[in-house]
Structure formats: C-alpha cells, structure tokens
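**Q** These are the residues of each chain, in order.
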Amino acid sequence: MNKPQGEVFDIGYQPYEGAREGRNAARKALLIDGMRTALGMGRGLTAKILPGLLFLALLIPALVFIIIASVVGQTGIDDLPGVADYYQGAIYPVLIFSAIIAPELLTTDRRNGVLSLYLVRPITSSDYIIGRWLAFFLLSLIVVWVPQLLLYIGVNLGSTDAWEYLRDNWDDIPRFLLAGAALALFTTTLPLAAAAFTDRRAIAAALVIGIWVIALAVGNALSDGIGGTAGAWLALIDIGSTPLHINDMIFNQASDGPGRAAEEVPKAVRIGWYLILVAVPAAFLYMKYRKVSA
Amino acid sequence: MAELLQAAGLSKHYGSTVALDSVDFAVPSGITGLLGPNGAGKSTAIKLFLGLLEPTGGQALVMGEEPYSLPAARSRLGYMPEHDCLPSAITASEFLTHMARVSGLPAADARTRAADTLRHVGLDEERYRSIGEYSTGMKQRVKLAQAIVHDPVMVFLDEPTAGLDPMGREEMLDLIRRIGTDFGISALVSTHLMGDVERTCDEILVIDAGRVTHQGAVKGFTEETQTMYIEVDDRRDQLVAALADRGIEANGDGHGPLLIENLSDDGFDAIRDALVASGAPLRRLAPGRAQLSDIFKASGTERESGMSNGQ
Chain A
1 MNKPQGEVFD IGYQPYEGAR EGRNAARKAL LIDGMRTALG MGRGLTAKIL
51 PGLLFLALLI PALVFIIIAS VVGQTGIDDL PGVADYYQGA IYPVLIFSAI
101 IAPELLTTDR RNGVLSLYLV RPITSSDYII GRWLAFFLLS LIVVWVPQLL
151 LYIGVNLGST DAWEYLRDNW DDIPRFLLAG AALALFTTTL PLAAAAFTDR
201 RAIAAALVIG IWVIALAVGN ALSDGIGGTA GAWLALIDIG STPLHINDMI
251 FNQASDGPGR AAEEVPKAVR IGWYLILVAV PAAFLYMKYR KVSA
Chain B
1001 MAELLQAAGL SKHYGSTVAL DSVDFAVPSG ITGLLGPNGA GKSTAIKLFL
1051 GLLEPTGGQA LVMGEEPYSL PAARSRLGYM PEHDCLPSAI TASEFLTHMA
1101 RVSGLPAADA RTRAADTLRH VGLDEERYRS IGEYSTGMKQ RVKLAQAIVH
1151 DPVMVFLDEP TAGLDPMGRE EMLDLIRRIG TDFGISALVS THLMGDVERT
1201 CDEILVIDAG RVTHQGAVKG FTEETQTMYI EVDDRRDQLV AALADRGIEA
1251 NGDGHGPLLI ENLSDDGFDA IRDALVASGA PLRRLAPGRA QLSDIFKASG
1301 TERESGMSNG Q
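The listed protein sequences correspond, in order, to chains A and B. The first sequence maps to residues 1 to 294 in my numbering. The second sequence maps to residues 1001 to 1311 in my numbering.
If you are wondering where the hints come from, they were derived from the structure by calculation, not from laboratory data. Built from N, CA and C at the ideal position, the CB exists for glycine as well. Don't take every hint at face value.
Residues of chain A placed beyond 10 Å of chain B at every Cβ, according to the derived structure [unchecked claim]:
hint, residue
1, Tyr-16
2, Val-71
3, Ala-84
4, Pro-122
5, Leu-150
6, Tyr-165
7, Pro-266
No farther apart than 25 Å at their CA atoms in a straight line, the calculated lysine to any residue pairs in the SDA-like style are these [unchecked claim]:
hint, chain 1, residue 1, chain 2, residue 2
8, A, Lys-291, B, His-1083
9, A, Lys-28, A, Gly-113
10, A, Lys-291, B, Glu-1082
11, A, Lys-288, B, Ser-1069
12, A, Lys-48, B, Ser-1093
13, A, Lys-291, B, Gly-1058
14, B, Lys-1219, B, Val-1276
15, A, Lys-291, B, Asp-1084
16, A, Lys-288, B, Leu-1070
17, A, Lys-28, B, Leu-1070
18, A, Lys-291, B, Thr-1056
19, A, Lys-288, B, Tyr-1068
20, A, Lys-48, B, Gln-1006
21, A, Lys-291, B, Ser-1043
22, A, Lys-28, A, Ser-116
23, A, Lys-267, A, Lys-48
24, A, Lys-28, B, Ser-1069
25, B, Lys-1139, A, Tyr-16
26, A, Lys-288, B, Thr-1056
27, B, Lys-1139, B, Gly-1163
28, A, Lys-288, B, Gly-1015
29, A, Lys-28, B, Ala-1089
All chains should be modelled from the sequences, with the hints used to inform the complete structure.
**A** This is how it looks when you write it as structure tokens:
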C-alpha cells in the first residue's frame, strides 16, 4: 500500500495579520474597479460586447484613413482628415460611447445597493465619486487618444519621409493630446452628472443622447436661420460641439464641423462656455454625492 | 471585557425628531444584540458608529476613535445591511476580492481572504458563479462574507435572518455564533427577533424611543423565575384541590399547565404529596424562565412594533 504523500488539514478561521494599506489603496481599488466595470471586465460576455463595439466604432474611421493614406501615398495625404480635424466627424461615436458607458459606473452601484458598502469602508463619499469620475476620465483619454495616435503613426508611415513628416508635424502630438483631454473631460462629466438623476443606465443614456441631439438640431437651426452675430452666439446652444471649438483653438484652425458659426464668438467666451459646461455638472455631481449616505 | 463601542451623551436629531436622546452606553467584545421596536433608534445608532451620520451631540466612539471624522477608523469595521447590497453580474469571488481591496488589503491577500471567507460561510463550491444566480440564503451569506472579508474587529449585522426560511435561519444563526466564538470577531446584531438574540448573543442592549431602557448579559434576562409549571395528563382538578389542601394556589387557563407563583423551598415536598394524593399522572414539572419578550410586554411595545420571538 502506498504511503500518503500529504494530508489536508482544516486549520479553521485564520485572523488576518497582513498589511492594511489604508485610504489611498482603497481609492486605487475603486479607480481600477471603475475602469473594469466600464469595460465589462470580470462580468459575462454580454457586458463586454457593448463597450467593445463602441470602441471599435471609434477606431474604424482612423483605420480607414490609415488604409487610404497607405494607398494614395504622399500626394493624397493632405486631402485626408488629420489629427487636427479628426473629431469634426468622429466626435459622435465618442459622445455615444460616453453617454452609454459612463452611467454604468454610478447607476448600478445605487440600484444594487453596493454604494452603502463602499461608504462604510475607509473612504468617503467624495472619494467614491472622484474615483468613479477619474476612472471614466482615464478610460475616455484612452478612447480619444488611441485613434489619434494610430492616425498620426499611420499617416507618418504613409508619407514619403517619415522622419521629415515627424520633424514638420511634431507639434501636433501635444496638440492632439491636449485637445483629446479637453474632449474627454467634457464627455466624462455630463453623462456622469445625468447618471446621478436616475438608477437606470438606459434612462441616463437616453437623457444624455437626447441633450446632444436636441442641442445639435436647435443650435444649428437657429444659427443658420438667424445668421449674423446673433446666429453665431446661438450656435453655442449646440453644446456637443463645444469641445470642437477648443480643438480648433488648440490647432489654430478654422472650424469645419457642426456649430462652426460659433467661431465668430470671442475665444474667451467659447472657452468660458466650455468651462461652464464642465464645471457645473462636476459641481452638481460632487455636491449630490457628498451628501449621500448608506 | 474590553469596550469596543462607546456612546457618550450621544444624540441625533432629524429636525424636530429626536432619534437618539443623549444616550450613554458601552458595548463590550462578544456578540451583542441590539433590540428595539421600529423607529427606536437602532439604525441611527449603527450609522453613527459606522461614521455615516454626524452626531448632533456627544460622541460615538469605536475603539476610542470617531469614525465620522476619521474614515480610517472604519477599516476594522464590517457592515451587513438589511437591504439588498450585492451586484448581480459578477462572481462572489470577484466581489469579495474587490471589497477586501477597498478595505485596504493588498491584492494577493484580498484574493486569499475572499476564497477563505467564502469557504467559511459555506460558498466554496459556488464562488465562481454570478451572484445573480444565487438563492436568498446564499446571497445572505455573501452579505455576511463581505462584512468580514477584511477581518474586522467589530461587525454590524442588521436583521441578518430577514427573508430566510427556517433552515436558512438556523444556518445563519450558527454562522453568527461562530463569528464570535471561532473567528474572534465581535458583533452588534440589530434585530426585532428576540429568539435570534437569545440564541446568539452574550449581551443585550435595548433601545426604545431614543433611549437605552435595558442593558446586560442575555442570561440575566432569561434566568429562572419563581414560577413553577406543572403539566399532568389527567385528574387536573383533583391536583388543584390537593394543592389547595396544602396551602398552594395553582393558576391556569383550565387546559394548559398549572402555574404556581412564588413557590417556597418546602413547596416541592407539598407538590410531590399533592401529586400522590390526587393520582394525577405527571408529564412535566419545571421552573419558569424569563423571556426577552417580557421586557417589551412590560412597556406594551411588543405588539405595536412587530417584535416577536421569531421561534
């Protein structure tokens, strides 16, 4: 008879005597969990499909431009959208991505009651909402920067002299990073603020998309119909295009996208309008969660 | 026993409503039952100790620290709420690991603790299933597991047996008892089921209308009384007469057991003689025992508050 190689003992409950990393570790855990939740990680396959498809939709325009650039060569590159005007058209997938995915970070925790478990741990409600906001902001940065980066690299490699292209256009890199950050800041804050109104992700998403669409239609209709200086100011109603104004200012270019009539409004006003559209939802979100209790 | 929780002149007002009225009490280590009718201030007391509410007056101290102004003090506390608090889309293992991380445990330790804790609450085999697929009893165990996954010093359990069937309730009460005896974690169990307190708790704290009305060891409230119960199969009336002949007044509702109040030491001999004389076949002779519900019967709050023995 073989001698047993080992035995399994039930040593019962063991008190935890390891490290306790405190509040900063808890904040970091919240941040990582927020990004995983948004991407459906740790959940079933169906939870991953929607963010995956939306992210793909964001990449497709950049991939198409890269393929065209490789075919047309140096002579046709100048006619293709570059990093400066990429989001004139590609902003809509970004807006839809944020409207649909961002509310998931807040509505599910409230609907399931998980929020009450966070609030009895060594974090505050402010830590919670800042963690959730930061998680989606970082994800949004990836979402807006990756297509831009691919496009920049693709066009660079498609040019006759990649080194010369880089030397002539190196300043586009900090510009698209900054413009992308401005876009991500905008598309993170408003959807999360909308998610503070309801426990249902679908309602929050519909609310945000409704705001984008109505603002786009009303702003551009009034602007085109009235025209002139008043029309330019009314074009600011199209709030979804506000990050594009910042993008155009960063690249120091004329606007070619929706809400372009607002170009005649002084820069300081357009910057102020952008800051208001970010700061007001952010303040609302912060105040709403600062008072929340389990 | 060391005092883990201390209320010093603790008050909480919601506008003109007084939820807690300058109460002073201390909760030692071990399992303590927090009893009281609806609206008595139990939940308010728990939220004050968890640092979720700011006291209107006084202090709510946990191991000498104020959790409201010092969130770090909550790292050694656990909380199992009465309401639903579980995500449905992720596995119990994933959820507990995350909760351990949010409590400050390093990633590797959090994973180990999550697996160990789920094993201790009897969910070892099911830990990789989505929580949404669990039964009510299993979800209740996950709620308990997340409250102790970071090995707290004190855990607050709010109506831990709510919604459970009799078998699930037995298992939950056994788990709570083990938390105190085997795991070495103290607990404050808020419940309206006095049977749960009698079964699991060492100490009891009774709150009514924002004030502490009773506190002490559970056994102090359930000790033997001076009442004696006698149950016979037949010849009940003859026994009553025989007892009366010996100067003992026996009361009863005509069908149930006979009750003899304030029996003297030599009364047992008289009962023996009366039983022999009457020829009544004895089924049971036992001293009475006080019940926790007697506390509330005295104040008339039991029926209107929905408090029950939960047996």
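**Q** For a quick check of understanding: which of the numbered hints are violated here, in increasing order?
**A** Hints 1, 4, 14, 20, 23 contradicted; others consistent.
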